[in-house]
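Asker: Residues per chain are reported as follows:
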Amino acid sequence: MSYFLDPCIPLGNIDGAWERIQKSLPYISLGNKNKLQIVVVGGGLAGASAAATLAEQGFPVKLITYNDSPRRAHSVAAQGGINAAKKIREDDCDGVNELFVDTVRGGDFRAREASCRRLAEISSSIIDQCVNQGVPFARDYDGLLSTRRFGGALVSRTFYARGQTGQQLLYGAYQSLMRQVGSRRVELLPRRDVIEFINLNGVIRGVVTRNLLNGQLEVFQAHAVILATGGYSNVYFLSTNSIKSNASAVWRAHKQGAFFANPSLTQIHPTCIPVGGEYQSKLTLMSESLRNDGRIWLPRRSHDIRDPSEISESERDYFLERLYPSYGNLVPRDVASRRAKELCDQGFGVGNDGRSVYLDLRDAIQKKGAQEIKAKYGNLIEMYERIVGEDPMTMPMRIYPAPHYTMGGLWVDYNLMSTLPGLFVLGEANCTVHGANRLGANALLQCLADGYFIGPCSIHSWLEGHTFSISSHEMDQACQDALENTKKRIDDLINVQGEIPVDIFHRALGEIMINRCGITRNESGLLAGLEEIKLLKQKFHHQVRIPIEINCPNPELEKALRVADFLELAQLMLSDALSRKESCGAHFREEYQTPEGETMRDDENYAHIAAWEYVPGSEPIKHLENLSFSLLKPNKRSYQ
Amino acid sequence: MKKISLVFRIWRQKSQLSKGQFVEYTLKDLSTNLSLLEALDKLNEELILNGDRPINFDHDCREGICGSCGFLVNGQPHGPKDATTICQLYLRNFKDHTTLTLEPLQTKTFPVIQDLVVDRSSLDRLIMSGGFCSDDVGKAPDANFFKVNQTDAFSSFQTATCIGCGACIASCRNASASLFVAAKLAHLGQLPQGQLLRSKRASQMKHQMLSEGFGSCSNNLDCEAACPKEISANWISWMNREDD
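Sequences listed follow chains H and Y, in order. 5 is the number of the first residue of the first sequence in my numbering; add one for each residue after it. 405 is the number of the first residue of the second sequence in my numbering; add one for each residue after it.
Cut-off 30 Å, straight-line C-alpha distance, at most; resulting in silico cross-link-like pairs (BS3-like, lysine-lysine):
| no. | chain 1 | residue 1 | chain 2 | residue 2 |
| --- | --- | --- | --- | --- |
| 1 | Y | Lys551 | H | Lys378 |
| 2 | Y | Lys604 | H | Lys66 |
| 3 | Y | Lys446 | Y | Lys432 |
| 4 | H | Lys66 | H | Lys27 |
| 5 | Y | Lys418 | H | Lys491 |
| 6 | H | Lys538 | Y | Lys446 |
| 7 | Y | Lys543 | H | Lys66 |
| 8 | H | Lys66 | H | Lys492 |
| 9 | Y | Lys432 | H | Lys248 |
| 10 | H | Lys91 | H | Lys372 |
| 11 | H | Lys27 | Y | Lys543 |
| 12 | H | Lys378 | Y | Lys485 |
| 13 | H | Lys640 | H | Lys626 |
| 14 | H | Lys248 | H | Lys541 |
| 15 | H | Lys541 | Y | Lys446 |
| 16 | Y | Lys446 | H | Lys248 |
| 17 | Y | Lys446 | H | Lys543 |
| 18 | H | Lys66 | Y | Lys512 |
| 19 | Y | Lys485 | H | Lys248 |
| 20 | H | Lys543 | H | Lys626 |
| 21 | Y | Lys551 | H | Lys91 |
| 22 | Y | Lys543 | H | Lys91 |
| 23 | H | Lys248 | Y | Lys418 |
| 24 | H | Lys372 | Y | Lys551 |
| 25 | H | Lys248 | Y | Lys512 |
| 26 | H | Lys39 | Y | Lys543 |
| 27 | Y | Lys432 | Y | Lys406 |
| 28 | H | Lys492 | Y | Lys418 |
| 29 | H | Lys37 | Y | Lys543 |
| 30 | H | Lys248 | Y | Lys407 |
| 31 | H | Lys248 | Y | Lys423 |
Quick list of the computed label-pair ranges, beta carbon to beta carbon:
| no. | chain 1 | residue 1 | chain 2 | residue 2 | range |
| --- | --- | --- | --- | --- | --- |
| 32 | Y | Asp647 | H | Met399 | 47 to 53 Å |
| 33 | H | Asp96 | Y | Asn638 | 34 to 40 Å |
| 34 | H | Gln501 | Y | Gly424 | 26 to 32 Å |
| 35 | Y | Lys551 | H | Met399 | 38 to 44 Å |
| 36 | H | Leu539 | Y | Asp523 | 38 to 44 Å |
| 37 | H | Ile13 | Y | Gly424 | 55 to 61 Å |
| 38 | H | Ser642 | Y | Ala487 | 42 to 48 Å |
| 39 | Y | Leu614 | H | Gly16 | 54 to 60 Å |
Since the hints were derived computationally from the structure, they do not count as laboratory data. Heads up, the beta-carbon is just placed ideally off N, CA and C, and yes, glycines get one too.
Please work from the sequences and hints to get the whole structure.
Answerer: Okay, here's the thing in structure tokens:
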């Protein structure tokens, strides 16, 4: 059964709506701000920037992270750049409207139009903010900010700091955060996992954490909780995410009543270092920016095992340039991923197991010189060389698509509040602006827009109505219940004492997910995946082995708690993919494609965000947020 | 695919309060395409199957950028390969039947938590003491208000790439944090936005170094040799002139 959701989009013209909202926000006096406790979970781009900004406004903030320092958050690994509609020179043909259009089109008309508009409107201020913090963006010869072009866009609007843009943006946010920690306006709580929420009569009033050093369960009460915990691509085991990236906080929130939106919409990034063998623990992304200079090709002859240097120009198939003349190698990620997989499936792939395509810098090196290419992509070239043992300056890189960014996440309204009052969700953990596919270089933009500007503003409306004290007998009882639930979950896992380590289950889960809900999906595969996961989940809860000691660091217990959540989330991902009977963006259902092999969207029946409600012991209920487009008419995505 | 056998001599210590010791493990038929951390994953799987406590080591991105990983391999932070973090150290860099001694980054400013994991929160406190620009959100001027020439922007960027792994401190016989602090001062001090607090920042961060118990720099250059991001020790001389 489906029910309809209200996203609280402001009335009137969406152009400039955010500015109108900001002007109407309530005023909270400094005296009252001091009494309102905010808990931020996650110290990445969205979490650190939100915590620093809220503290600057005068709110006491607690920041919880499982890392030993917020500087380690996975945002640090983002490579390519950040989009912004910022005119550098008068003759720039880019602007707010162009970024808005590319974002909505990139998301294949499955993103909320008003949120995309706001993102584009805010984007320029983000660059100003970051530069002011000391982010050393690349500069042109005349000292102005430099940009480059990313996939899905026809203009150059991506600001960058070599191949380490995420690192530099994160350090900017981290430094602002540490300034507030030093001023005692933020309490930093590192090495803690959030594993339950304090739910008082349907309102979120805090979190329960496990201290990863001594195993103690701790309670942190709050007037509002902000989740900025990133994506859940590690459900695939091998992904580009950090090893510890997880879905636990969002999944526990979901089980408390927060709706989970579009869980199956996962971006499979086309340019990753391919799987090298058993025990490989992760896949490393090679920034999409390489596609500015790198040309993607495969041999025209199938099963061609010759060295790439022996394959002449006429024997090479630059398949993206052939199929998509205007975007070429910079077609969106889902398109590039699918074309690579198809050709590898047909036997044209290269590498040991035929599951790679070439990303070749040869022509760019000849044209621009090795020096310039190294200056542009130096760290990526070194990274590839270390992992694979080959030099991309002398032979083409081998790449293959890998699970990367999750467009789905907890459903939030225009104010970034979930369906659980008092719980706000920022960055990759929510589902707002990316739709079925993410425009290249828009992830960092969304995290910082949510963290610096949107979250710290929109939270005022909620806080204004909740300035009262949250300590009460009822609250004590809610904390006690949450603690007991958490303790039981941990004891149940520890007491299994089976014979199989957690990683073996995680690998098995990843294999099911990539086969059944990966680059392409179909009905029979998704149904089979549901059965496979049901069995795996049973086996996990009967046979997992975790070292018993819980009052000291126990990384196996941390992993087991996360994998238990991933197993449940995987079932929801498969159900969501099954129920969306169309192909849109990264969600490619084989049954719904054009004769040319492109996605076939069904705007009549599926122009919505599917938000799932957890029902204990029963099937989840699907709610719909219908999408309408006032500034842009949905049209077929074409990158010809 | 090439395979090798390795002997791992690993520091095992249950907690800060318990005594530690080296324990030897042998792993056979390891693909040289594995990273050192993946070899430890494999070893841990065997330990769990045998009912033993797995080895605890810090790690996360495994792309050489988050700065989580870092221990000594045969006495060298991040191991023998230049400009490389532990997670980017692959077994193809080692010969068959080599013994690898793995031990935590050793300095009193990084107390051992368990096995190869140490507490590096002192680095956060150094940043907290002044390693930032101090404008609040929403008050920034246009990003192109100050022009920055390419040389300065790139030089600032190169010092900003410090990942805070602590290798420079663990490699220094005085446990000096000079390279870490110099990198941050140089990152911000080379940009127009960092000028306002430049002198104050230097003085506060230097003061914090002393309070945390880091030693003085004695120009051994071990920090530069250990830095996985190749940050030059010349920046320490630059730093020394900063708050004059």
